[in-house]
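Hints given; two lone chains; assemble the complex.
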Amino acid sequence: MKKMVAAMTLAVALSILGAFAVQADEFTKKDLEKWNKEFMSVVKEGERLFHSALGKNKVSCDMCHPNGANTHPETYPKFQKQIGKVVALRDMINWCIQNPLEGDPLKLDDPKMIALEAYITYERKGKPLDPGKH
Amino acid sequence: MKKITRRRLLKRGAVAAAAATLPLSLVEISWGKGNAQNFTFAYISDSHLTHIKGTKFVRNFDKGLKKAVMECNFMSPKPDFVVYGGDLAQLGKKEELEHGLEIMSKLRHPVRWVIGEHDFYLDMGRFWEDKISKTTYSFDHKRVHFVVLNSILTYDSWIKRWKTPEERMANMARLDNPNGSPFMVGDRQIKWLKKDLARVSKDTPIVVMSHSPLYKIFKPWNFWTDDAEKVQAVLKPFNKVTVLHGHVHQILYNQIGNITFQAMMSTAWPWPYPLSYIKKPNQIPKITVFMNRADPFHERDATGWSILNLENGRVTNHYKLWENRDRILRYDEKLGYPVDTLYQNPANRIPPQEHY
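Chains A and B are the protein sequences, given in the same order. In this text, residue positions in the first sequence follow my numbering: the first is 1, and each later residue adds one. In this text, residue positions in the second sequence follow my numbering: the first is 1, and each later residue adds one.
Chain B on its own, in the form it takes in the complex (with noise of 0.2 Å):
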């Protein structure tokens, strides 16, 4: 046994208060260094900044992009970048992107963006490609190779029965929209798709980041992606694939055939399970184990952000939760899906979880 110095008392009390004041997950990730494909990153989405007038922005959205902001700058360890998941802006606004873009420029680390309709639809992505991103694109991270696509396209027809680009927007703008359009990622992107897959190897780990599910879950809501399956086709010859995305602003995670899908929350509100909605038949993924029900008294209730951790080219979701406890959602090898590390047990679920 080692002798017990005063200095390393030290040390251990160092470490020790260390620990005690990071979140769990935060120290379980830095016992991943080592292998090069373990590595950190953190994902922001749907901050829906809203525009009143002049200077006024809604108070309570900006607060939860600062808030999301504020503590990703002091994540450690740091992570490699940080991804922005779509709906920086409420109705498109130069205002709101503007305003958005000085809120994320407080943020430490590189970000990488991913654009939502309510970025879009007012100018068709102009502002957003002019100033801020591509909105298709790769990048290699540490033996992971990650796609961005741009998932909220739409038909022609629709973008053209509008008078006016303030009409369009606020038309995409309304979730509940009986004259809404679905998205899609459309077969110009998916033939850029499968020449930018077709130089990676079967076993790398693929990551594509989409604002939409890039799967089917509720037509009405536009939960949905119109060609998800040709694009789900395209990945099908990859052994290790997670599509991450945002737009539902819930706790939401699936597994179809070799892909991964896992949503991410929003920083500014909420919403429904499609299943609260009695009228219309909706696909609910079987395995997602729902988020508490929102305490509308708490404004950032059901809110937040997700440190990820890549781990042997799976991703580890830890959903940061401002007013509940934090979730992990961690894909299991044996089962073949995501699983929520305490709440997958339904002996362990709680009232809050039940959505009616």
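So that you can see chain A by itself, here it is in the shape it has in the complex (with noise of 0.2 Å):
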């Protein structure tokens, strides 16, 4: 009786598993569209906020990076010499916010922030990463 108790125990706990295992391996085409618009949206959010005043003075991240250029997040992190230390491509984006744009930074897990690096990664999609790169 124990043993039974045993196997049944274990059939349904495999069971269980493998209908996890099943649940994660088999995305669907559906899925991957569902997936590629959420991603686009935060994109499109982040073009939009790219192209608006985030700061008090009216300027824009456009105004310099047109199509996000010159942003090179592939780089990131790296060791940013005008800070003194090794920092991430959000501290960046934080710092123009700060200074061309006279605004106050975001919080680094602000959507705004999330949807920002959307944006600015979407532009340079293809190009190898090199992190540390000047």
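Calculated directly from the structure, the hints in this document are not laboratory data. C-beta atoms are modelled at their ideal positions from N, C-alpha and C, and glycine is treated no differently. Where hints are given, some of them may not hold.
[Stated by the list, open to error] Stretch-level coverage of chain B by chain A, calculated; a stretch enters the list once three of its residues show a Cβ under 8 Å from a Cβ in chain A: (1) 50-60; (2) 126-136; (3) 171-178; (4) 267-273; (5) 290-300.
[Unchecked claim] Quick list of in silico lysine-lysine cross-link-like pairs, DSSO-like style, CA-CA up to 27 Å: (6) B:K240 <-> A:K56; (7) B:K191 <-> B:K240; (8) B:K219 <-> A:K58; (9) B:K279 <-> A:K44; (10) A:K78 <-> A:K37; (11) A:K37 <-> B:K240; (12) B:K219 <-> B:K280.
Below you can see the structure in the form of structure tokens.
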């Protein structure tokens, strides 16, 4: 009896695990489309933010960085000599918001920050990662 | 050998002291005097003065134009005139143009004006033509024929598609706008240009000044004039032709047939070279040695203005770069195109000139 219970428990456990494994593996084309749509909506929001006044002086990111050019997201994290340490792209985004845009920095997990990163990296899609490059 | 008197020694000392305080480029220019075709003028461009509210404007951009004006006033020898290359305003507002005129009024030299798209698309150039300058004109100066064109016109269908002047201006002001429209000179001005040049001899040096480059570099950012070839064709019969333009906010130069093209710096901010945007192909001139990548921590880096020296009908461009070593661009008669006097040789280039 004990053996039978143990075997049944094992079978149930395996079936549960199996079911999870199947769920994780078997996403569909429809899922991919859905996820891409989610991602692109954030890119779109990032593009909007990138082209709007995020600070207090009407200056926007795209004025110096059309299509996000010259932001080089693939080179981060890297040593930023003016800051004196290795920083992430989001640190530089905040630096720009505070200085040329004369605004207040975003929280690092602010959805606006994620959206800006999504737009900047999307415009650079396909460029190989090259952290530390100058 | 002349005897060195006290007076002569003092005089020499004064000359040496003066030379020591002047940038080398200015000393060179003073040697060119004597030939009627050799003279100096200055070029300030793309200040993009931005109105915030009331009497507040973006400090950074004001500072750039004020610095250029102050430095122009210190030029020695004095420039014969100063050219303003367009985009004085950011959104074509009366407040911005008036603010720009106030800063420019401090210049002690006569000004020749070129209109940019940021000055134009709010009121279609009305304020500019009423209060500042004509947009299409020519003048002769010391045996050189200067032509100013309004190269930032565009298609009527695009102009009419916007609900308000503000919407039209905002859409033209966004450089990377997928709903933008290419610049053009237009048939009317080209006809005028033909007529204007008909009375000019073919060996007269011609200097054309436009806001956009009169050739095609990168359409997505309007580094582009749609009917550039038509304008180039009109300029083709002349021996020495230089086109000076703003708009691109970077060191850029090219040679197409008989025409030398040179871009001016912005006093406000630099733009990336189009090759930095990897999603679209570009036609960046191969002879250009790029300016240094900008250091955003130095607000005036990769901005500046130009001292232009007309030497035997060619333009030598002394780029005055505020946070970098100045660059000198001179036409090489043997090669038949302009070269950077230091960096054209690849062995002399430095890592910040690599753009990616």
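Consistency of the hints with the structure:
{"no.": "1", "hint": "50-60", "in the structure": "holds (count 6)"}
{"no.": "2", "hint": "126-136", "in the structure": "violated (count 0)"}
{"no.": "3", "hint": "171-178", "in the structure": "holds (count 3)"}
{"no.": "4", "hint": "267-273", "in the structure": "holds (count 4)"}
{"no.": "5", "hint": "290-300", "in the structure": "holds (count 6)"}
{"no.": "6", "hint": "B:K240 <-> A:K56", "in the structure": "violated (48 Å)"}
{"no.": "7", "hint": "B:K191 <-> B:K240", "in the structure": "holds (21 Å)"}
{"no.": "8", "hint": "B:K219 <-> A:K58", "in the structure": "holds (26 Å)"}
{"no.": "9", "hint": "B:K279 <-> A:K44", "in the structure": "holds (17 Å)"}
{"no.": "10", "hint": "A:K78 <-> A:K37", "in the structure": "violated (31 Å)"}
{"no.": "11", "hint": "A:K37 <-> B:K240", "in the structure": "violated (56 Å)"}
{"no.": "12", "hint": "B:K219 <-> B:K280", "in the structure": "holds (9 Å)"}
Checked against the numbered hints above, the structure breaks hints 2, 6, 10, 11 and satisfies the rest.
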